[in-house]
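Undergrad: Listed below, chain by chain, are the residues.
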Amino acid sequence: MSAASWVLTLGFLFLVVLGVPIAFAIGITSVVALWMLDIDLIVLAQRVIAGTQSFPLLAIPGFILAGDLMSSGGLSARLMHVADRMVRHVTGGMGMVSVLSSMFFACLSGSAPATTATIGKIMIPEMEKRGYSRRFATSLAVSVGPLGQIIPPSIPFIVWGVIAEQSISKLFLAGVIPGIIDGLAYMFICYWIARRLGIGRLPRATVNEFLKALYDGKWALFAPILILGGIYGGVFTPTEAAVVAVVYGLLTGLLIYRGLKFKELGALFLTSMRTTAMVMFIIGMASVFGWLLAYERVPDKLVGFILSISDNKIVILLLLNLTLLLIGAVMDNLAVMVILGGLLMKLGVQLGIDPIQLGPIIVINFAVGMETPPLGYSLFVGSAISGLSIEEITKGMLPFFFADVGMLMLVTFVPWVTLWLPNLILG
Amino acid sequence: MKVVCEVLGKISTSLARASAVIVVLLCIGLVVSLLTSVFFRYVVGQALSWPEEISLILFTWLVLLAGSLGVHEKFHVRLTIVTGRLPRSLRLILERLTTVAIGAFGIILIYSGFDLVQRTAEHLTPTLRLSLDWLNYAAPVCGALICLHALAELVKPGKEIIKP
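First to last, the sequence lines map onto chains P and X.
Read in order, the letters of the first sequence correspond to residues 117 to 543 in my numbering.
Read in order, the letters of the second sequence correspond to residues 24 to 187 in my numbering.
One chain only, chain P, in its complex shape:
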């Protein structure tokens, strides 16, 4: 490796550990590498701007804003009521309500921390009231976060679609079955823990109660149909669907559920745009970094190295999963996708993996990275809501983490799990 490659890898890690914000750690190491390689510094501004100049990426602010509007507007609360009437009477019911609500909310939102925030704020206190420990309730809220970006719409799938030049609509569909499997596994864990702790069941909702929740929630339940139906009916592109979702969230929140106040909209927009900037600023910086790695031919060398470890496809795939999980734990997932996208695509071609299966392998590994320390955005949100330390929550996360790993194995080794639905609907 050249000196510049060392700066890009070890130098970068060093800055992150010292507490330099990740976006700037990426930017600063890139500048140093540009200077060492004697490359015109104009590349910095050029790549940062180019990193934001992509029409499909406009779906990101759209879905972030739509998720925030629907969360504040009262749509997510309606979805939780429906989930509550459906499963609260089962052993572990309150936990299952969290899981099911997050799966519903995932159909509106594409972000793991937003899902953890929306579900956690309401469900952590509720679960505590029902006798669950705060640790378990928080770990659950953190673990369901990644469902937000596995079940469509999904910000990482949008980014991966742009990098790999694959259909975002197809990638969205590839995440549906893995998301459902993961959700079911979580519900089983809730059942098992509640039985072990002897937590009592709640009375079953009457048919009337259920129908009432369904009727109250009709506008909220229609939102995923509008967003996802619009994309798969071939009516909208994901970017258009995102902006339609914004308008839908605004109208229902202001006029029907009345959770939004016109005066507070400016502040809400600004909050969503802060989140957008956090995500996109890192993507912009990462596009300089990724350009440099490609310039230094690091992806080619690494692919050669990985393939030289073993001839066995299964071994390579297991190694790939392990590496992605580790990288996802220490790094921002979207930055890694931009930086290592070229490498991962080359590896996929060499291994003969369908690009629509490769996308979910990468995105879901990194989604799990949202809940793993030291850098997990869902984990940070869970810690902020509950006041528990990262270490404390992490201990409670183990069963969920194992469920995620099991699901990852299915996604990696059973192509049907990801490919069946996109092939069925989009051919």
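Take these hints with a grain of salt, some might be off.
[Claimed, not checked] Residues on chain X that point at chain P, a partial pick, calculated with CB under 7 Å: (1) Leu79; (2) Leu115; (3) Ser135.
[To be verified] Using 27 Å as the maximum straight-line C-alpha spacing, the simulated DSS-like pairs for lysine-lysine come out as follows: (4) X:Lys97 with X:Lys186; (5) P:Lys237 with P:Lys379; (6) X:Lys182 with X:Lys97; (7) P:Lys237 with X:Lys97; (8) X:Lys97 with P:Lys379; (9) P:Lys334 with P:Lys237.
[Claimed, not checked] Residues from chain P that keep clear of chain X, each with C-beta distances beyond 10 Å, as calculated: (10) Ser121; (11) Leu134; (12) Ala139; (13) Met202; (14) Arg204; (15) Arg250; (16) Trp308; (17) Glu325; (18) Asp332; (19) Tyr348; (20) Met396; (21) Ile422; (22) Leu433; (23) Pro531.
Worth flagging that the hints you see were computed from the coordinates, not collected in a lab.
In this text, all values refer to a predicted model and were calculated from it rather than measured experimentally.
C-beta atoms are modelled at their ideal positions from N, C-alpha and C, and glycine is treated no differently.
Got chain P; can you put chain X on it based on the hints?
TA: Chain X only, in chain P's frame:
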């Protein structure tokens, strides 16, 4: 020193406020522009090409302005699990060094951005025939704001950075 600190702090805060207002306006502009495109495609039945171009210019400005706001508000994601365990004096030194590095990055972005602006001044966007200046000025402006916010942070007394 105290005066410098106050003046810089005020400039930084007012620029951050202005950026926040502009970011919200850009966000509204982005939604309106994309909606126009959807409306014309599905209701009027005529595809427009300019909303895409406008949206992308607004988006770049939005990201870079809000990104610089993140330096003032310190909302950019960072790892604190290691530094959080260090003694206060050491943390303060690291914090100062980080701010210096961010400020230096801002200066380089100004330089790099102006270079880009100058070298592409003649170029026009494909549909609207706008000068690329409209897009590319985002880079040096973002660099300047980052630099200013970092400078204001740097002259703050230590007790305002990390509470003793």
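Undergrad: Against this structure, judge whether each hint is valid.
TA: Hint-by-hint comparison with the structure:
1. Of the supplied interface hints, the one on Leu79 (chain X) holds, with its beta-carbon coming within about 5 Å of a beta-carbon of chain P, less than 7 Å.
2. Of the supplied interface hints, the one on Leu115 (chain X) is violated, with its beta-carbon coming no nearer than about 12 Å to a beta-carbon of chain P, more than 7 Å.
3. Given the 7 Å rule on beta carbons, the hint for Ser135 (chain X) holds: about 4 Å separates it from the nearest Cβ of chain P.
4. Of the pairs offered as hints, the one joining Lys97 (chain X) and Lys186 (chain X) holds, with about 16 Å between alpha carbons and a cut-off of 27 Å not exceeded.
5. Restraint check for Lys237 (chain P) and Lys379 (chain P): the C-alpha separation of about 23 Å stays at or below 27 Å, so the hint holds.
6. The suggested pairing of Lys182 (chain X) with Lys97 (chain X) holds, with an alpha-carbon distance near 17 Å, which does not exceed 27 Å.
7. For the proposed pair Lys237 (chain P) and Lys97 (chain X), the alpha carbon gap of about 23 Å is at most 27 Å, so the pair holds.
8. Our distance criterion of 27 Å between C-alpha atoms is met by Lys97 (chain X) and Lys379 (chain P), whose separation comes to about 26 Å.
9. Of the pairs offered as hints, the one joining Lys334 (chain P) and Lys237 (chain P) holds, with about 23 Å between alpha carbons and a cut-off of 27 Å not exceeded.
10. In this structure Ser121 (chain P) is separated from chain X by more than 10 Å, as the shortest Cβ-Cβ distance comes to about 20 Å.
11. Not every beta carbon of chain X lies more than 10 Å from that of Leu134 (chain P), the smallest distance being close to 6 Å; the non-interface claim is violated.
12. With 10 Å as the threshold on Cβ separation, the claim that Ala139 (chain P) sits away from chain X is violated: the shortest Cβ distance comes to roughly 5 Å.
13. The beta carbon of Met202 (chain P) is kept farther than 10 Å from every beta carbon of chain X, the shortest such distance being approximately 34 Å.
14. The Cβ of Arg204 (chain P) lies farther than 10 Å from every Cβ of chain X, with a closest approach of about 36 Å, so its non-interface assignment holds.
15. Listed as outside the interface, Arg250 (chain P) is consistent with that label: its C-beta sits roughly 21 Å from the nearest C-beta of chain X, beyond the 10 Å cut-off.
16. Chain X leaves Trp308 (chain P) outside its interface by the beta-carbon criterion, the shortest separation being 30 Å against a cut-off of 10 Å.
17. No Cβ of chain X comes within 10 Å of the Cβ of Glu325 (chain P); the nearest lies about 37 Å off, and the non-interface call holds.
18. Every CB of chain X is more than 10 Å from the CB of Asp332 (chain P) (nearest about 28 Å), matching its label as outside the interface.
19. Look at Tyr348 (chain P): its CB is around 16 Å from the nearest CB on chain X, clear of 10 Å, so calling it non-interface holds up.
20. Here Met396 (chain P) does not stay apart from chain X, with its beta-carbon only about 4 Å from theirs, under the 10 Å limit.
21. Separation of Ile422 (chain P) from chain X is adequate, the least Cβ-Cβ distance of about 27 Å exceeding the 10 Å criterion.
22. Listed as outside the interface, Leu433 (chain P) is consistent with that label: its C-beta sits roughly 29 Å from the nearest C-beta of chain X, beyond the 10 Å cut-off.
23. Taking the minimum C-beta to C-beta distance to chain X, about 34 Å, the non-interface status of Pro531 (chain P) holds against the 10 Å cut.
Of the hints listed earlier, those the structure fails to meet are numbers 2, 11, 12, 20, in rising order.
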